[in-house]
Amino acid sequence: MTLVLLALILWIAAWWLNVRLANSGLSHTQAVRFGVPLIFGLTILVVWELVVRGLAVPLVILPPPSQIVARIASEVPTLWADFVQTFVKGALSGYVIGCVSAFVVAILADRFDFLRRGLLPVGNFIAALPIIGTAPILVMWFGFDWQSKAAVVVVMVFFPMLVNTVAGLQETTAMQRDLMRTYGASYWASLMKLRLPAAMPFIFNGLKISTTLALIGAIVAEFFGSPIVGMGFRISTSVGQLALDMVWAEIVVAALAGSAFYGVVAAIEKGVTFWHPSQRG
Amino acid sequence: MKSFLPVLTVVAAIFALWYLAVIPMNMHAALTTAERGGAVISPEGAAARRDLSGISLAANNSEHIASTFNQDRPRLPAPHQVARELWDTTVEKKITSKRSLVFHGWITLSATLLGFAIGTGLGIVLAIGIVHNRAMDMSVMPWAIASQTIPILAIAPMIIVVLNSVGVQGLLPKAIISAYLSFFPVVVGMVKGLRSPDHMQLDLLKTYNASNAQGFWKLRLPASMPYLFASLKIGIAASLVGAIVGELPTGAIRGLGARMLTGSYYGQTIQIWSALLAAAIVAAGLVAIVTLIQRVTLRRMGLS
Amino acid sequence: MTSNAVIQAKNLDLTFQTNDGPVHALKDVSLDVEAGDFVSFIGPSGCGKTTFLRCIAGLENATGGTLSVNGMTPDEARRNRAYGYVFQAAGLYPWRTIGGNIRLPLEIMGYAKSDQETRVREVMDLVDLKGFEKKYPWQLSGGMQQRASIARALAFDADILLMDEPFGALDEIVRDHLNEQLLALWARTNKTIGFVTHSIPEAVYLSTKIVVMSPRPGRITDVIDSPLPKERPLDIRDTPEFIEVAHRVRDGLRAGHLDD
Numbered sequence: 001m002t003l004v005l006l007a008l009i010l011w012i013a014a015w016w017l018n019v020r021l022a023n024s025g026l027s028h029t030q031a032v033r034f035g036v037p038l039i040f041g042l043t044i045l046v047v048w049e050l051v052v053r054g055l056a057v058p059l060v061i062l063p064p065p066s067q068i069v070a071r072i073a074s075e076v077p078t079l080w081a082d083f084v085q086t087f088v089k090g091a092l093s094g095y096v097i098g099c100v101s102a103f104v105v106a107i108l109a110d111r112f113d114f115l116r117r118g119l120l121p122v123g124n125f126i127a128a129l130p131i132i133g134t135a136p137i138l139v140m141w142f143g144f145d146w147q148s149k150a151a152v153v154v155v156m157v158f159f160p161m162l163v164n165t166v167a168g169l170q171e172t173t174a175m176q177r178d179l180m181r182t183y184g185a186s187y188w189a190s191l192m193k194l195r196l197p198a199a200m201p202f203i204f205n206g207l208k209i210s211t212t213l214a215l216i217g218a219i220v221a222e223f224f225g226s227p228i229v230g231m232g233f234r235i236s237t238s239v240g241q242l243a244l245d246m247v248w249a250e251i252v253v254a255a256l257a258g259s260a261f262y263g264v265v266a267a268i269e270k271g272v273t274f275w276h277p278s279q280r281g
Numbered sequence: 001m002k003s004f005l006p007v008l009t010v011v012a013a014i015f016a017l018w019y020l021a022v023i024p025m026n027m028h029a030a031l032t033t034a035e036r037g038g039a040v041i042s043p044e045g046a047a048a049r050r051d052l053s054g055i056s057l058a059a060n061n062s063e064h065i066a067s068t069f070n071q072d073r074p075r076l077p078a079p080h081q082v083a084r085e086l087w088d089t090t091v092e093k094k095i096t097s098k099r100s101l102v103f104h105g106w107i108t109l110s111a112t113l114l115g116f117a118i119g120t121g122l123g124i125v126l127a128i129g130i131v132h133n134r135a136m137d138m139s140v141m142p143w144a145i146a147s148q149t150i151p152i153l154a155i156a157p158m159i160i161v162v163l164n165s166v167g168v169q170g171l172l173p174k175a176i177i178s179a180y181l182s183f184f185p186v187v188v189g190m191v192k193g194l195r196s197p198d199h200m201q202l203d204l205l206k207t208y209n210a211s212n213a214q215g216f217w218k219l220r221l222p223a224s225m226p227y228l229f230a231s232l233k234i235g236i237a238a239s240l241v242g243a244i245v246g247e248l249p250t251g252a253i254r255g256l257g258a259r260m261l262t263g264s265y266y267g268q269t270i271q272i273w274s275a276l277l278a279a280a281i282v283a284a285g286l287v288a289i290v291t292l293i294q295r296v297t298l299r300r301m302g303l304s
Numbered sequence: 001m002t003s004n005a006v007i008q009a010k011n012l013d014l015t016f017q018t019n020d021g022p023v024h025a026l027k028d029v030s031l032d033v034e035a036g037d038f039v040s041f042i043g044p045s046g047c048g049k050t051t052f053l054r055c056i057a058g059l060e061n062a063t064g065g066t067l068s069v070n071g072m073t074p075d076e077a078r079r080n081r082a083y084g085y086v087f088q089a090a091g092l093y094p095w096r097t098i099g100g101n102i103r104l105p106l107e108i109m110g111y112a113k114s115d116q117e118t119r120v121r122e123v124m125d126l127v128d129l130k131g132f133e134k135k136y137p138w139q140l141s142g143g144m145q146q147r148a149s150i151a152r153a154l155a156f157d158a159d160i161l162l163m164d165e166p167f168g169a170l171d172e173i174v175r176d177h178l179n180e181q182l183l184a185l186w187a188r189t190n191k192t193i194g195f196v197t198h199s200i201p202e203a204v205y206l207s208t209k210i211v212v213m214s215p216r217p218g219r220i221t222d223v224i225d226s227p228l229p230k231e232r233p234l235d236i237r238d239t240p241e242f243i244e245v246a247h248r249v250r251d252g253l254r255a256g257h258l259d260d
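Protein chains in written order, with this note's numbering: chain A, 1 to 281; chain B, 1 to 304; chain C, 1 to 260.
A few of these clues could be false.
[Claimed, not checked] Once the Cα atoms are required to be at most 16 Å apart in a straight line, the calculated EDC-like pairs of lysine to aspartate or glutamate come out as:
hint, chain 1, residue 1, chain 2, residue 2
1, C, K230, C, D37
2, B, K98, B, E85
3, B, K2, A, D113
4, C, K27, C, E60
5, A, K193, C, E107
6, B, K218, B, D198
Worth flagging that the hints you see were computed from the coordinates, not collected in a lab.
Here chain A stands alone, though its shape is the one from the complex:
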């Protein structure tokens, strides 16, 4: 019980500290901006540890963070193999294929107004559907290995990417288009010089949404069948064996991979669309 009490005290103390920091004159400094969420996150971890130990929560319900860390440390080769199988082979290859093909289709759709007007509502509609449900079908078609996971990812990222790119290519003002006409610019010139650069914020929005979808698709598709390696496979089998520390270890890896993937795309975006008001800060 003392541990739980300790957790409570720690929680109150940390919260008090955060309130003081947030309302102090320093609240706009970089250190405090990073520090406050960091304190909050660390507090949750410590409170979690203390409460689980204090109440003796069984392992099969919630393992303490320390045990999850220990599990990660001892299972690095397995986690790495799962990461390569699911992220590099499944998610990443599907992401590239899906985004590139959606981009090409969007350029085509943009060239022909009829196609654009037809594809945009249909694409928007499909983007809202539970596409993850195609996973069992695609696993049946492409087999248990990473190819079927990549296929699921392709289907999942295709429509959000398509819709965003098409919308972005429409994003020029009448004045900008008139300017191109006064230069007597060809279709390709105005695409390359005006519409594509103007579409970049939208295209990157699609790319960022797709990073998360890609990882979800690759993991969930493994629930429908996989070789004996992969993050989704490990999660579903470890759940079956009630080895929850392993499940949490995979989730930590998935969270890190997801954030890093998103972060890389966001960093590239910052470089490409440095001119956009949202990036100029």
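On the provided structure of chain A, position chains B and C as indicated by the hints.
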């Protein structure tokens, strides 16, 4: 209405491609069945055909193309087969029957709606807290944003199993996953919305000496509505995905996700496709309802 | 009709079909602009001054009458890059530097790389933007952005410059300064300029020819040839001649309104 014809064309093209794809996808199986029935196929024997493409087989044995559309367990069922299955399992079956898609659809839908309600409610409450409390804003908001880059869905199986082991079963575990998935989009959208009034509008209220509560009810809340509805549309779709995925890990026997899973175990492709289409219809319906409420609300507020 | 008219409009008509029925944007507009003229189009909103400029640029197509630019149809003239066009807003591409923006038309028109560089440097000098080549548009003031957009229109050295209320969004002080610079630039380059404005002092100060227009239907009510000398310091605006011309413009605008 200007886009009616283009949309119709695109949809028609999708169905045409679907029908076309059925031929090569099912050709091998169709020929094997036909050969067993005594027909002469070139080349002879399933083994000899294994490495040939469906298209070339279709060209050589064009008289068997028709049968690709009526396979029992096709690799790719034709649209009319899926439609017939949908019809059989919705209209023809009693809705209490285990084989009725309406029954399975309702199982999934009820979990979706419950989860969506919980997630949205909590999301709005947290958003209000974040907007009115600096410490909460600085502590929680970065994590709420970061969580959107994480494949949260991966923890679905664990939630189901853990809750199962403490005796919580049925609707609630799935609803929790649904709630979890709709929660973060609502928080992020609602915070954005509550912050959307500009300085001039806020200053105007200051000149009236309005209280914080008045500022919330008269300005921030109405201003947040367009953002809230945009998030709700994302949230409800995510909730449905959560409910479906929540049905996968425990080998559930009820719900649309369970239909997909059993279909994939037993190779019942038509069953998978009809469950998938049913899920699509449910999703479209839910998004349509939210859109409708959005239109009515925003029009009443004079925002659209 | 003199043969050295650069822009020649005869009985030009333009009717837009809208949901509320047809709108007569231009009716029976006839005008000759000679080489080296500085022509201002002035009138209340809806009088068709911008529409007329867009017709000259080939951005709108007249529904009746004839219009020639450099002896060609406006569309041919547009394809031959016969004019530079300056819009109400600078409309610089935020993803390009100032230099990059000015280079844009040169890239599209396929100028050689080395030629691009010299031309960009020249026109940046011309509009007094030396040293800002590497800056991005959002790092510059509104007046500097508009100057950059004028440089962009000058870069490919077309002999006609069409300007649609280029200084409308700027404050009075910046506008005076840019007006002065524009006159100096015109004197140096000898271009033919078509200039849309709704400011009487601006029109009188800049132009050799002031075209007064009036709405419903959009038409020309008066064409005033300015008696002011070509050399015009800012304080010319206090001279009796200037006030006299301004009066005539004001009367023309009022007369157009009395018809309503």
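Here is how each hint holds up against the structure:
no., hint, in the structure
1, K230/C <-> D37/C, "11 Å, holds"
2, K98/B <-> E85/B, "14 Å, holds"
3, K2/B <-> D113/A, "12 Å, holds"
4, K27/C <-> E60/C, "14 Å, holds"
5, K193/A <-> E107/C, "9 Å, holds"
6, K218/B <-> D198/B, "14 Å, holds"
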